[in-house]
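Engineer: Residue-level listing of the chains:
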Amino acid sequence: MEQKTKINAEAGKQELVITRTFDLPVELLFKAYSEAELIEQWMGTKVIKLESKNHGSYQFETSYQGKVAFKANGTIHTVVPNQKIIRTFEMENAPIGVQLEFLTFEKLNGDTSKLKIQIIYQSEEHRAEQLKLPFASGLNMAHDRLQEIINKLK
Amino acid sequence: MKLRRDVFQAIADPTRRGILLLLAAQPLTAGAIASNFDTARPTVSKHIQILTECELLKQEQQGREIYYHFNPQKMKEIADFIEPFRQMWEAKFNKLEAVMKKYKKK
Chain G
1 MEQKTKINAE AGKQELVITR TFDLPVELLF KAYSEAELIE QWMGTKVIKL ESKNHGSYQF
61 ETSYQGKVAF KANGTIHTVV PNQKIIRTFE MENAPIGVQL EFLTFEKLNG DTSKLKIQII
121 YQSEEHRAEQ LKLPFASGLN MAHDRLQEII NKLK
Chain Y
155 MKLRRDVFQA IADPTRRGIL LLLAAQPLTA GAIASNFDTA RPTVSKHIQI LTECELLKQE
215 QQGREIYYHF NPQKMKEIAD FIEPFRQMWE AKFNKLEAVM KKYKKK
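Just so you know, the sequences run in chain order G and Y. Our numbering applies: residue 1 is where the first sequence begins, and numbers increase by one. Our numbering applies: residue 155 is where the second sequence begins, and numbers increase by one.
No wet-lab data here; the hints were simulated from the structure. Please note that a few of the clues may not be correct.
[As the list claims (entries may be wrong)] Lysine-lysine pairs mimicking PhoX-like chemistry, simulated, CA-CA at most 20 Å apart:
1. G/4 with Y/249
2. G/71 with Y/246
3. Y/255 with G/107
[To be verified] Here are a few chain Y residues that sit away from chain G, every Cβ distance over 10 Å (derived from the structure):
4. 182
5. 184
6. 188
7. 207
8. 209
9. 220
10. 226
11. 230
12. 248
Since the model is a prediction, treat every value here as computed from it, not as a measurement. Note that beta-carbon positions come from the ideal geometry of N, C-alpha and C, so glycine has one too.
Starting from the given sequences, assemble the full structure and let the hints guide the process.
Structural biologist: Here is the structure:
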């Protein structure tokens, strides 16, 4: 099966490019990124604040097993409906630092659209930390699941 | 985990990336590698040592000479690091698509 989501991390650069084609009109894809209620559904996070406009800002809070596991925030620099969002993103208490994100929404035809996210990190080392994170959290989650199963057996 | 971190450090340097590119084409001796760079020879040797420690390079004795080979398996480990990150986004985007398809029908 072809991979819908592609990640390009060129050696020697401090950026990542994520691209994905959606079976959705560009208006709906953009809406998924600009309305709090929808972000909450697909990101599985609580949206504390979201001002989808130029000079706006946002705050997310994700809980895991009833505890706040992860907080993120950023400043929204530019919003052009159905075209682009330029914003910063910072995961609190993580070694990744602040990143600058350029989100480009592109209409392919009436029913499909493409999202390109260019993420710029402070350095190549910060980008490496980002790539290590899901690897580590994936292990943690697998470990937690194992713990749950063990607890049930007790 | 420590070994993987080292691989990332290994490719963080432009000279080391140059050495990897050079050796991807053919195995070379330390002297032949150094002749491709303006950097002082001991510095190049240090880079070769780091790459060898991270197993990105393999040594092979041929007569009196030691040839350095590129180890593609180790390079794959770096790609393997990106894969969990990609899968995380793939899952999120699939969710986005599902949520928005439902939203459309309302």
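Engineer: Compare the structure with each hint and give your call.
Structural biologist: How the hints compare with the structure:
A C-alpha spacing of about 13 Å is found between residue 4 of chain G and residue 249 of chain Y, which places the hinted pair at or below 20 Å, so the restraint holds. A hinted pair counts as satisfied when its Cα atoms are at most 20 Å apart, and residue 71 of chain G with residue 246 of chain Y qualifies at roughly 17 Å. As the CA atoms of residue 255 of chain Y and residue 107 of chain G are separated by approximately 16 Å, the hinted pair is consistent with the 20 Å bound. Once the 10 Å rule is applied to beta carbons, residue 182 of chain Y is consistent with being away from chain G; the minimum gap is 20 Å.
The Cβ of residue 184 of chain Y sits about 23 Å from the closest Cβ of chain G, beyond the 10 Å cut-off, so the non-interface label holds. Listed as a non-interface residue, residue 188 of chain Y keeps its Cβ farther than 10 Å from every Cβ of chain G; the least gap is roughly 21 Å. Remark: the non-interface label on residue 207 of chain Y is consistent with the geometry, its nearest Cβ contact in chain G lying 18 Å away (cut-off 10 Å). With a closest Cβ-Cβ approach of about 17 Å to chain G, residue 209 of chain Y is found to remain outside the 10 Å limit, as its non-interface label requires.
The claim that residue 220 of chain Y is not at the interface with chain G holds, since no C-beta of that chain comes within 10 Å of its own (minimum 26 Å). For residue 226 of chain Y, the shortest C-beta to C-beta distance to chain G comes to about 14 Å, beyond the 10 Å cut-off, and the non-interface label holds. Distance check on residue 230 of chain Y: its Cβ is at least 14 Å (rounded) from any Cβ of chain G, clearing the 10 Å threshold; non-interface status holds. Non-interface call for residue 248 of chain Y relative to chain G: violated, since the shortest CB-CB distance, roughly 8 Å, does not exceed 10 Å.
Hint compliance for this structure: hint 12 is the single one not met.
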